[in-house]
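Throw the hints in and build the complete structure from the sequences for me.
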Amino acid sequence: MLLDPRYFDPLPTPAEIAGWDAACVAECGMSFLALMENASREAMHALVGEVGEVAGKRVLLLAGPGNNGGDAVALARHLDNRGALVTVGLARARGKYTGAAGYNVRLAAKLGLTMLPLSRVDLSGADAPDIIVDGLLGTGFRGPLRPDMLALVEAVNALATRSYIFALDIPSGLDGDTGRPSPMAVTARATVTFEAAKTGLVTAQAAPYVGRLLVREIGIARTVRQRHPCRAGRIAPRILDAVRPISPTLHKGSAGRVVVVGGSRGLTGAPLLAALGALRAGSGLVSVACPGAVEVSLKAGFPDVMTMPIGAGGHFCAADAASVRDFAAGAGAVALGPGLGRHPETAGFLSALLPLPCPVIFDADALYFLALSPELAAKLGPDAIMTPHPGEAARLLATDIAGVEADRLATARELAARFGCVAVLKGPATVVATPDGLAAVSPVVAPNLAVGGSGDVLSGLAGSLAARGLSPLLAASLAVYWHGRAGELLANVYPARGNLASEIAGMLPHALTE
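So the sequence shown is numbered by UniProt numbering: it starts at 1 and just counts up by one.
Source of the hints: derived by calculation from the structure; they are not laboratory data. A couple of the hints might just be wrong.
Stated by the list, open to error - Label-pair restraints from in silico Cβ distances:
hint	residue 1	residue 2	range
1	T399	A496	30 to 38 Å
2	G391	R94	50 to 58 Å
3	G403	G452	23 to 31 Å
4	G95	A398	51 to 59 Å
5	E514	R41	40 to 48 Å
Here a beta-carbon is modelled for each residue, glycine too, at the ideal position from N, C-alpha and C.
Dropping the structure here:
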C-alpha cells in the first residue's frame, strides 16, 4: 500500500531524496548540474519572495564542502545578477570542489565573485551582512557537529537579530531524518527545501530552526517519484476534499452512527466531548454507553447526545460487556476509552468486550489498560485506530517521553507495528502510521489544541469518519488535519488561547469552508 497522492504530499528521507536525484541522472539522462542550477534559481526566487529585491543588499553565503555548498555558490551568481553585493565563504580550497559544485565554484571565479575561505569570513558582528545564506551542511548530515562547525553555527545565530538568515535545504546541524539538533543548528528565518519537504524538517523539534518552510520543485521527473515512492507523506490541506458532499437525500441513519464507550465517576465530560466531536463532524446518530451510576451526569451535560446506562455501578466491569456489545451492534464505529477510568475491574470489561465488528478508536484509559495487558492488542482488529499522546505512547512502549519524542516517526511506526493498527501519535506535528510502515505527518501546529478534552474531540471525530467507511489511515489522517485546522481557526477568536475543548468541536464545521 502507498500513500494516496490526492491527500498526501511526499515526505522523503534524505536517503530517498538522494535516490531521486540519482535516478534522474541514471534513468532520465538529467545531470546533477541541471538539478543544482534549478535548485539555486528556485532558492533565489524564494529568498526574494521573503525579503524583497536584493539589489544593493550585502549577502554572505556560507558554502559547505558538498553539494549544499554548490547550491550556495550557484545562488551567489543569481543574486549577483540581481545586483546584490555577494561574498561567498568556502569551506574548502577552490580546487577541492568537484562535480557540479566544482563547476559552480570555477564559474563564480571567472565571473569575479568574491570568494574567501571560511576562516577569513568576519562573523564578529562588527559589520553584519543584511542576509546570511546557510549552505554549510545538507540533509545527509549526521551529528555531532565538529567543534569548528559548531562555533560557526553559534556565530551565525548570534547575528540573528541583525541579519536575515536563510537556509538552503536544511538548517546546518539538523539531522535530516529526525530534525534533532546536533547539538545546535542554524536558526533560520526561512528554509527553502527542494522538490519535497524532508522528514527532518517537519518535526516539532526542528521547527525553531527551520522557520518558514518553503518547498520548491527542481525538476525531479514524475516517473522517478512514481518508481521510487517514499514511505512517508505530509498531510495536504486537500485531504478535506475526502469529506463527502452532502446528499440531498441524506438522513440521520445514513450519516453514520457512532457509539462512545466511556465515562466513570468524576470523568463524565470526556465521553460527552467525544460525542460532540462526532456530532460536529456530521454523524447522524451518536450515543454514549456509560456505567449506570453516571448516566444522570451525562444526560445533564448535552441534550443532543443519547445515553445508554449499562449496569448500576460507577465503572464498567466484565459483566457489562455483553450489554455494551448489544448496544453497539450496527454502529459504524466505536470510540472506546474517554473517561473510562482505571478501576481494576475495567480491565476485565475490555477483555470481554473486544473484539468488536466495527472500527474501534482506542483512546485515553483504554490505552492505559492496553499497556497493562498487551494481549488485548490481538483483539483490536486491523480497522482500529489508537490515539496516544506522548505519555501514553511511552507507557505502551515501556520507554520514557524523551525516547518517544526523539524520533516521532519511528515511534508512531513502532506503535502501529506492535499493536497491528493505525497509530496516531498526538502532539505538535502529529504523526499517523500504519502497521506496514507508512507514515503521515500533520503540517498543523495549533497551540489552541493544548487543552484538556481536545483528544476526546479528536476520538469522536475519527470515529465519525471511520463510521462513514473511510480507511483507517484516511480516517485518522483526515481527523488529525481537520481537528488541527479547527485549532488554527480558534486562534483568530482566542489569540492568547483560553478556548475550551468543546469550542474545538464547535469550530469543526467552519474548518471545512474557511
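Do the Cβ positions of G403 and G452 conform to the proposed distance bound of 23 to 31 Å?
holds (25 Å)
Do the Cβ positions of E514 and R41 conform to the proposed distance bound of 40 to 48 Å?
With a Cβ separation near 34 Å, E514 and R41 fall outside 40 to 48 Å, so the hint is violated.
Taking the CB of G391 and the CB of R94, does the distance hold inside 50 to 58 Å?
53 Å Cβ-Cβ, so the 50 to 58 Å window holds.
Go ahead and decide if the range 51 to 59 Å is satisfied by the Cβ distance of G95 to A398.
Given range 51 to 59 Å: holds, Cβ gap about 54 Å.
If I claimed the Cβ atoms of T399 and A496 lie 30 to 38 Å apart, would that claim hold in this structure?
Holds, since T399 and A496 (Cβ atoms, about 34 Å apart) stay within the stated range.
The structure fails to meet hint 5 from the earlier list, while all remaining hints are met.
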